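There are 2 protein chains.
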Amino acid sequence: MNSNNYAVIMAGGIGSRFWPVSRAGYPKQFLDILNTGKTLLQSAYDRFTGFIPGNNIYVVTAEEYVTIVREQLPLLPPENIIGEPSRKNTAACIALIAFKLRKMNGKANLVVAPSDHLVSNEQQFQKDCIKGLEFTAENKAFVTLGIKPANANTGYGYIQREAVAVEKGIYPVKRFTEKPDAATAALFIKDNAYLWNSGIFIWKVIDILNAFCFYMPDMHELFVCGMGGFNTPFEKATVNHIYEHCESVSIDYAIMEKANDVYVIPADFGWSDLGTWNSAWENLHRDKAGNAVAGDNTLLVDSRGCMVHSSEKKLLLVGGIDDLIIVNTPDALLICKKENEQHIKLYVEKLKQTGGDSYL
Amino acid sequence: MNSNNYAVIMAGGIGSRFWPVSRAGYPKQFLDILNTGKTLLQSAYDRFTGFIPGNNIYVVTAEEYVTIVREQLPLLPPENIIGEPSRKNTAACIALIAFKLRKMNGKANLVVAPSDHLVSNEQQFQKDCIKGLEFTAENKAFVTLGIKPANANTGYGYIQREAVAVEKGIYPVKRFTEKPDAATAALFIKDNAYLWNSGIFIWKVIDILNAFCFYMPDMHELFVCGMGGFNTPFEKATVNHIYEHCESVSIDYAIMEKANDVYVIPADFGWSDLGTWNSAWENLHRDKAGNAVAGDNTLLVDSRGCMVHSSEKKLLLVGGIDDLIIVNTPDALLICKKENEQHIKLYVEKLKQTGGDSYL
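So the protein lines, in turn, are chains A and B. Sequence positions in the first sequence follow our numbering and run 114 to 473. Sequence positions in the second sequence follow our numbering and run 114 to 473.
Hints in this document: simulated from the structure, not taken from any laboratory. Computed from a predicted model, the values in this text were never measured in an experiment. Yeah, the Cβ is synthetic: ideal placement off N, Cα and C, and Gly gets one too. Warning: the hint list may mix true and false statements.
To be verified - Some chain A residues close to chain B (C-beta under 10 Å, calculated; not the full set):
1. Pro133
2. Val279
3. Leu412
4. Ser423
5. Lys427
6. Gly432
7. Gly433
8. Pro443
What the hints assert, rightly or not - Derived SDA-like pairs: lysine to any residue, alpha-carbon spacing no greater than 20 Å straight-line:
9. Lys426(B) with Arg136(A)
10. Lys450(A) with Asn453(B)
11. Lys151(B) with Gln236(B)
12. Lys426(A) with Thr442(B)
13. Lys463(A) with Arg417(B)
14. Lys450(B) with Gly433(A)
15. Lys451(A) with Gly433(B)
Next comes chain A alone, as it looks inside the complex:
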């Protein structure tokens, strides 16, 4: 394995769409939504261990989740877990890890990936990452992995690639489009130049730092001033100071949409952002009646299209019901229609209003 290659897993997200399995104190990336035996974070970590040296894998998360990450990834060196003092979106997170790596290895070449996505074909994922790393090692390039769209999803960003590849399977990016409206998305998916933005990026540390210097000079300056503190006992105080003054902005908006030398590798490794119970349903094995069940001790009779998640031993008997989301946890049970999954946030809001804070 190439000792200049690094991976950073971004694991700071929160989210209530997987409530009641996900909670503010224990969000999605730390859960085994699909009942695979591994949490999403553990799967994200395992995906990298095949081609990134173990000591070169980092996890950036919120400070309050550091303990959970340690528990879930016992083989990861504790110093490779970085707790952010506040949520400042992806740009700050990437600047932080880039500056830390810069102090360690001037040739560091980095894959950045979210912790809470699903990848069903790990071999293909590895191939695509290695292709990107080899390309960025040789070139000043900001590479993204673009997913072949499965449908006209309006919840994702889209990447339009140029027609001609610079290398086999690597295309210059023409344009980024944030979440399009339905009509635009419908046009996009008819054109194979459009890809979903997976949020997986590859670049040399030196190149992304130069880009920060050029496109985000204030943020860059803040981090440069903290340079002395990174990878020392003073790192925590340094990062606290930087984050207090640092802008909250996404790496897409801060750099990718503005930079030159942006490339995309069209990828097809069974990706899902696993954003909702419906996408869990889509990614789980479904029985003949279209029911997806994550959990044991459930019996569905004469029922179709249900998404059932149960992290309890309790027997769950569902009779004669179609297209429900049923989520059973030790202290809370949710029942709603699949078509209403976007309302789960509203239900949880209602719960908050009625004094149910302890379930959030």
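Go by the hints and put chain B onto chain A.
Chain B alone, transformed into the frame defined by chain A:
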């Protein structure tokens, strides 16, 4: 209180229609289906304590439930709990208590009632029972309480009364009709001569024993031979022997449908046989959206017409769903449509087939 008046509560039933709250080892009469703070048996007992001397109240149940009855009715003398060695329907049960009482009190006058029905107006119930007891004390008469039908239910037996009362509110019975078809039931409820058979009977012990002698001579003979054993340490062995040889038949079929001197008191004390989750729903307080909730810690958002029973502290959040039955117990959870409540037996059967015996 008249020391010749007795009550016997029949508490031997089993039933799977309230699964998963009711189980074979803990059927409906021992449960607080409506979350009132009392089980149905406790409510049945309490209804009698206002006008029947405490020592004159008896409970007949299956042998395996005797312990439960003792726990639930600690004020009832233990010798007033009679365990049947097998299920032989209502005729044998009534013969047994009648023979026992005959040995104690030749003037015994008895109300027989099921343990698992609901009565919302206890005062009216008491008035109707006292009216019946006063009538049977003075007359050779077999009195039933007939319920004014609320709808064309095809699950009940109907009683047709004569037009003219023999005393205020007491009518001779013209005919009993077992569960009619829908068309017949629709005709019945247009005619105020028809009443539902509540299974509540009133008669002197001496009169019902004479009726057994006449209409059920074999059964009568069996019990007469056992006479020496009743109310002695040999009662259990005696009853075991009788039940081994005794016919299984309902008191309606055995005597009421054949006897002369059968009367009905039209009654309206908020009766329900509470046979299914839908009838529980009908008898519970319902919110503006028509949801009936027995249990704490539930939140229904944008949901209508649901029947929710929860005997657990777990939060139950139901969002955007109409007309479901949701029953949550510590070890099992049932979700089905209200319209499919008759299928619950099938679901439980399926559960049995798939090895879920421990939940039955």
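Verification of the hints:
For proline 133(A), the shortest C-beta to C-beta distance to chain B is roughly 7 Å, which falls under 10 Å, so the interface hint holds. This hint is violated: valine 279(A) has a C-beta 50 Å from the nearest C-beta of chain B, more than the 10 Å allowed. At about 6 Å, the closest approach between the beta carbon of leucine 412(A) and any beta carbon in chain B falls short of 10 Å, and the interface hint on this residue holds. A least Cβ separation of about 9 Å between serine 423(A) and chain B falls short of the 10 Å threshold, and the interface hint therefore holds.
For lysine 427(A), the interface hint holds, the least distance from its beta-carbon to any beta-carbon of chain B being 6 Å, beneath 10 Å. Given the 10 Å rule on beta carbons, the hint for glycine 432(A) holds: about 4 Å separates it from the nearest Cβ of chain B. Annotation: glycine 433(A) was flagged as interfacial toward chain B, and the flag holds, the nearest CB pair being 4 Å apart, inside 10 Å. Look at proline 443(A): its Cβ gets to within about 8 Å of chain B, closer than 10 Å, so that hint holds up.
The straight-line distance between the Cα atoms of lysine 426(B) and arginine 136(A) is roughly 18 Å, inside the 20 Å bound, and the hint therefore holds. For the proposed pair lysine 450(A) and asparagine 453(B), the alpha carbon gap of about 18 Å is at most 20 Å, so the pair holds. Between lysine 151(B) and glutamine 236(B) the alpha-carbon distance is near 18 Å, which keeps this suggested pair within the 20 Å criterion. With a C-alpha separation of about 12 Å, the suggested pairing of lysine 426(A) with threonine 442(B) holds against the 20 Å cut-off.
About 16 Å separates the Cα atoms of lysine 463(A) and arginine 417(B), which keeps this hinted pair within 20 Å; it holds. Distance check on the hinted pair: lysine 450(B) and glycine 433(A) sit about 7 Å apart at the alpha-carbon level, within 20 Å; holds. With a C-alpha separation of about 10 Å, the suggested pairing of lysine 451(A) with glycine 433(B) holds against the 20 Å cut-off.
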